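Chemist: One-letter residues, chain by chain:
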Amino acid sequence: MTLLVAFAAVVAGAVFIVIHYLLGGPPVVDYTSVASGGQVNVVLQEDPQNSVTSTPDWVSYFVQNPQTKQWVHTFQFKVPESTRVNVTILGYDGCTPARNNIWSHVEGTIGGTINVQSVDGKGQAGAASNVSNIDTWSHCAVGHSFAIPALHVYVPVLSPDASAELCGASPCTSGPHSVEKFSFMTPNHTGVFRMQCIIPCGGGFLDGFGGPMQTIGFMMGNMEVAA
Amino acid sequence: MATSEAPAAAAPAEPSHGRRIFLIWIVLAVVADVLIWAVWRPHLPPGQMSSSAEHQQVDIAVLAMAAAPVMLFVWVYFAYALTNWRHRAGDDDDGPPIFGHTGIQATWIIGTAVVVLAAFVFGTVELIVPAGAGAGEGPLPVWKPSGNNTLQVQVIAQQWVFTYRYPQFGGMETTQLVLPEGRNVEFHVTSLDVIHSFWAYQLGVKADANPMVDDVAYTKPEHLGGFTVRCNELCGLWHGAMYNYGKVVSAADFQTWATSSQAQLAKVTKILPPYALTYEPTVVPQLGQDLVKVAGITGANGYYYNPGDPEQP
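Going line by line, the protein sequences match chains A and B.
Residues in the first sequence are numbered from 1 upward in steps of one, following my numbering.
Residues in the second sequence are numbered from 1 upward in steps of one, following my numbering.
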C-alpha cells in the first residue's frame, strides 16, 4: 500500500511538472485589439536585469500592455496578419559586441532603416537619425538585437554609452537608454514566429547563448500572428 | 521371369518446385525492380535538384533494387511452402528426409556474397561520387569537381541562424542563400560558436560546422527552385528552430542578385572582418583596448563577459 501511494505521488508530481511546463509559459501580450488602419504599435524595452523572476540578473525584454501601459515581463506578443507593426524599443542595457558583425546591419524593416535616438541619464534626448547599420564592433554601441529570422527581420538595438550608469531595477523607467523605432509587415497568414536576440548576451553562459538567450520570455520569444 | 502381380500404380511425378519458385520469383523481381526504378525513384529523397542529390536518389533506388529480389525470394519461398507443403488432413507420413544440397548452398552463398560485395563497392564509390557526394570533406578536400568556374559560398553558423558569405562578390554576407543553376558550388562551412551542421536537404549537401574548421562540400544545382537548410547537429535548446530557405535561380538572375546585393551590402561588408576560411569566435578584431577597460568586456575563453561573473560555469 505504501509503495502504491509513493508511486501515485511520483506519477502525480511528474504530471504536474509536465502540465506546468507546457501551460505555464510567459504571457502573450495581445495587440490585436488596438490595431487600426492596418497598423499596430508595439512597445518593448530591454533591460540589464529583470528584477521580477527567480533569476533577477538575467537580461530581459519587457512588453508594454497596450491598454494599461504596464510593463509585462515577457517577450511574446500577438499582432494581426498583413499589418504594419511599428515597433519602439527602449534599450536600457549596456553594450555587447556581436559574434558576427553582420548583425550590425538592419534588415527586413520598411525602408531598410531604423530611427535611433539616445537619452542620457538626465533625460536629455539627443537628435534622432535614420540608420541602416550600427557597428557593434567599432565602439560600444549595441546592447541586443531584435530578430525574427523567419521574416528576415534583423535589427541591432542601440545601447547607452559604455560609461553610463545603467538602470538598476526593472522594468526601467529612468536612466540612460536608447529609443529605437522601426516598422515591418506581418505575413498574410497566421502563425507563430520565433523572435530572438542574436547578440551573445547570456552573461556567464557558454558562448553567451545560454540562460536568458534560450529561455522564452527573456531574450527569446514568439510573435503570434492572428487572423 | 515375369511376375504374376500387377505393377503398383506409379506415384504422380513430383513437380519441379525449384523451377516453379524460380519462375515466380524472377517475374516478381523484375516487375519490382522496374517499378522501383521507373515509378518510385523519381519520388525518392532528396530529389533531383543538384548533382549530389540526384546521385543520392540513384543510390537509394539501386540499393532498393538490390534488396527487393532478396526480400521477394524469401516471401515467394514462404508463400510457396505454405501453399504446397503444408500439413493436409489424413497425411500422417513423415516428410522426406532432408540432405544437404551443394548446389543450393553454393548458389546461396555466392549469390548473397555477390549482392553484399556489389553493394559494398557501389556504396563506397557513391560515397565520393560526384565530387565528394555533397558531404563535408574537411579543410583539404580530395574529391573536387572539374572545371574552374566554381562559385564559393561560405556558410557561417551560429546559435541559431545561418549566414552566407560570397568571397567572389567582395566578401558580402547575407542571410539568404541564393545559388545559380548549372554551376559548381564550393561550400566552406564553419561555425562561430558550438558545433552545427549545414544540411541543404534538397541539394543533398550535408557538412558539419565546427568552430575554427573549414569544412568543404561541393554540389552543382541543376534545377530551379527552393530548398530547405536545416541545422543537423543538436546545438542548443533552439536547434529545432535553426532553419531557413535557399533558392536556385538562373545564372543571369544570380548575377543580377549578387551584384545588386553586393552594392546594397557594401556598408556592412566594410565592417565585417576580411574574408577568411575560419573566424576566431572569441576575438572581436575591431574592439579597442579602451572599450575592454571601460566596459570590462573580455573576448577570452569564448565569453565576452567579466570572468568574475558568478554564473561562470
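Keep in mind the hints are simulated off the structure, nothing from the lab.
Among the hints, a few may not be true.
Quick look at which bits of chain B chain A covers, simulated, 3 or more residues with Cβ under 8 Å [said to hold, decoys possible]:
(1) 12-23
(2) 173-183
Subject to a maximum C-alpha distance of 20 Å in a straight line, what follows is the list of computed EDC-like cross-link-like pairs (lysine to aspartate or glutamate) [stated by the list, open to error]:
(3) K181/A - E107/A
(4) K247/B - E107/A
(5) K267/B - D57/A
(6) K69/A - D135/A
(7) K270/B - D135/A
Every value quoted in this text rests on a predicted model; they were computed, and no experiment measured them.
Backbone N, C-alpha and C define an ideal beta-carbon position, used for all residues, glycine too.
Chemist: Between K270/B and D135/A, is the straight-line Cα distance small enough, at 20 Å or below?
Modeler: holds, 10 Å
Chemist: Does D135/A sit within 20 Å of K69/A, going by the straight-line distance between their CA atoms?
Modeler: Violated: K69/A and D135/A sit about 32 Å apart, past 20 Å.
Chemist: So if I understand the rule, the pair passes when the alpha-carbon distance is 20 Å or less; does K267/B with D57/A pass?
Modeler: Status violated; Cα separation ~35 Å.
Chemist: Does E107/A lie within 20 Å of K181/A when you go C-alpha to C-alpha?
Modeler: Given pair K181/A, E107/A holds - Cα atoms ~14 Å apart, limit 20 Å.
Chemist: Quick check: the stretch 173-183 of chain B, covered by chain A? Criterion 3+ residues, Cβ under 8 Å.
Modeler: Since 3 is at least three, the answer is holds.
Chemist: Between K247/B and E107/A, does the CA-CA distance stay at or below 20 Å?
Modeler: Holds, because 19 Å separates the two Cα atoms, which is no more than 20 Å.
Chemist: Establish whether the coverage given for the stretch 12-23 of chain B by chain A is satisfied; the threshold is a Cβ-Cβ distance below 8 Å, and no fewer than three residues must meet it.
Modeler: violated (count 0)
Of the numbered hints stated above, those contradicted by the structure are hints 1, 5, 6, listed in ascending order.
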